[in-house]
Amino acid sequence: MPVNLANDQVMGHGSAMGHGATSIDPPLNPPISPANDSLTGNSLTGDSLTGDSLALRLLTTDFCPWANRFVYWLKEPIGWFVLATLVCGLVGAYFSPIGWTMAGALVALIAVGMVWPLAAVNVVSCSLRPEIDTVHENDSCRLIVSVLNRVPLPVWGLTIEGYFDDETFDTTSANVGLACVPPMCRADYGTDVRPTLRGRYPKSPSFVACSFPFGIWTARKRIKQESSMTVWPAVYSITGVCPLMGRTAADEGEGQRGGRSGDFVGVRAYRRGDSAKQVNWVASARTDSLTISERGAPEAAELDVWIDTRPAPVLNTRIRVAASLLVHLHQTRVPMRVRIGDRLMRFGNGEQGRRQILEALTDIPLEGIPLSDTTSPLAQRSPSRPSLEISNSVCVHDPHAAVRRAGTLRHVSFNQSTDLATWMNRFWTEAGHDRCVA
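Heads up: the sequence shown begins at 485 in my numbering, then just goes up one per residue.
Check each hint, because a few of them may be wrong.
Unchecked claim - In silico EDC-like cross-links for lysine to aspartate or glutamate, where the CA-CA straight-line distance does not exceed 16 Å:
hint : residue 1 : residue 2
1    : Lys687    : Asp847
2    : Lys687    : Asp882
3    : Lys687    : Glu710
4    : Lys761    : Asp788
5    : Lys687    : Asp758
Simulated from the structure, these hints should not be mistaken for lab results. Treat the numbers as computed from the prediction; the structure is a model and nothing was measured.
Kindly generate the complete structure, drawing on both the sequences and the hints.
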């Protein structure tokens, strides 16, 4: 997952034998801009490919895939050192004794470069935990790395890998680097991270790694103690109230309103204006006075909401729009029946219901969920029920709009470049005035 380190320095503290944990700037991989990436701009498109296409194919084609397992060891720097040692040995055996000297020096360098990292990762115990277990996208949170050094020597050059890595990142890229861990103590290091994509982390195993001092080989050990963190979709504030609700009664939903239909809730004395259909004649005969049957009905019809989870470039933007709308509707106590993909869901009240909404949206895979039926579930919408359809645009179906203006559907569009904070803030105004923001 892409992570922005808001604090450029990893802080540490330890307590043993008068030593304090030192700190360094964590190694950061600069983001690659498509405009600056030589493989994504116009440099490999159009006429530029025609002249060099043959050379490009020759340079990028794997002609001997069966031999990869025999040469993969050369991807590590230590592979070249081993190869150089063999060459020096051949030079010493057939040409000059100086080759043996060079081979011996390389063997010593390889031994130190392998033994030190291997010992470093095995004499420490690491744990990872976030200060809070749930955050929203682009919200800053603090990740705590706790390292226990069991030997009377400091350990240098440790890195923590894998906590925020996913399929779009190299699994060996380091997230946090530690300059030095003091001897015989437990040191806690904290760094501010800013997750930019929803999900449950870690998605891959985390490792403590070390390639100090020469960087020719990296030793890794699995971190067994790591706490999970859930990143919810970003939620933007919305002003105003939903104009679809509060005007009509319904046969089902939450909340009771006295009326002429619905469930029987009791009897009361007759009041001028009551309909004769509401008179309870049995109770009236028993009390020798007109008695009215009191009934209760829901305050308003449930709002049908459908969230399109099909794969699309704007899927993540779509989920953020859905999270903002659902949280706003939930806070204003609008009864909803939400369909996320093929799942039909209803949520509770209060903080528990808000959490259920965000958890359900977080669990949508980043690649989307293909629907079993390509037809929108709201395509056969009831003409008397208000509805929202969140796809590449937000379709607002207001059954009472025909009374005020022609048509009952309003489309409010968005795309990846839309400023969602401003767009969502005035959403109900845009929907009411039938304006398109793109």
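Hints and how they fare:
no.	hint	result
1	Lys687 to Asp847	13 Å, holds
2	Lys687 to Asp882	41 Å, violated
3	Lys687 to Glu710	12 Å, holds
4	Lys761 to Asp788	32 Å, violated
5	Lys687 to Asp758	64 Å, violated
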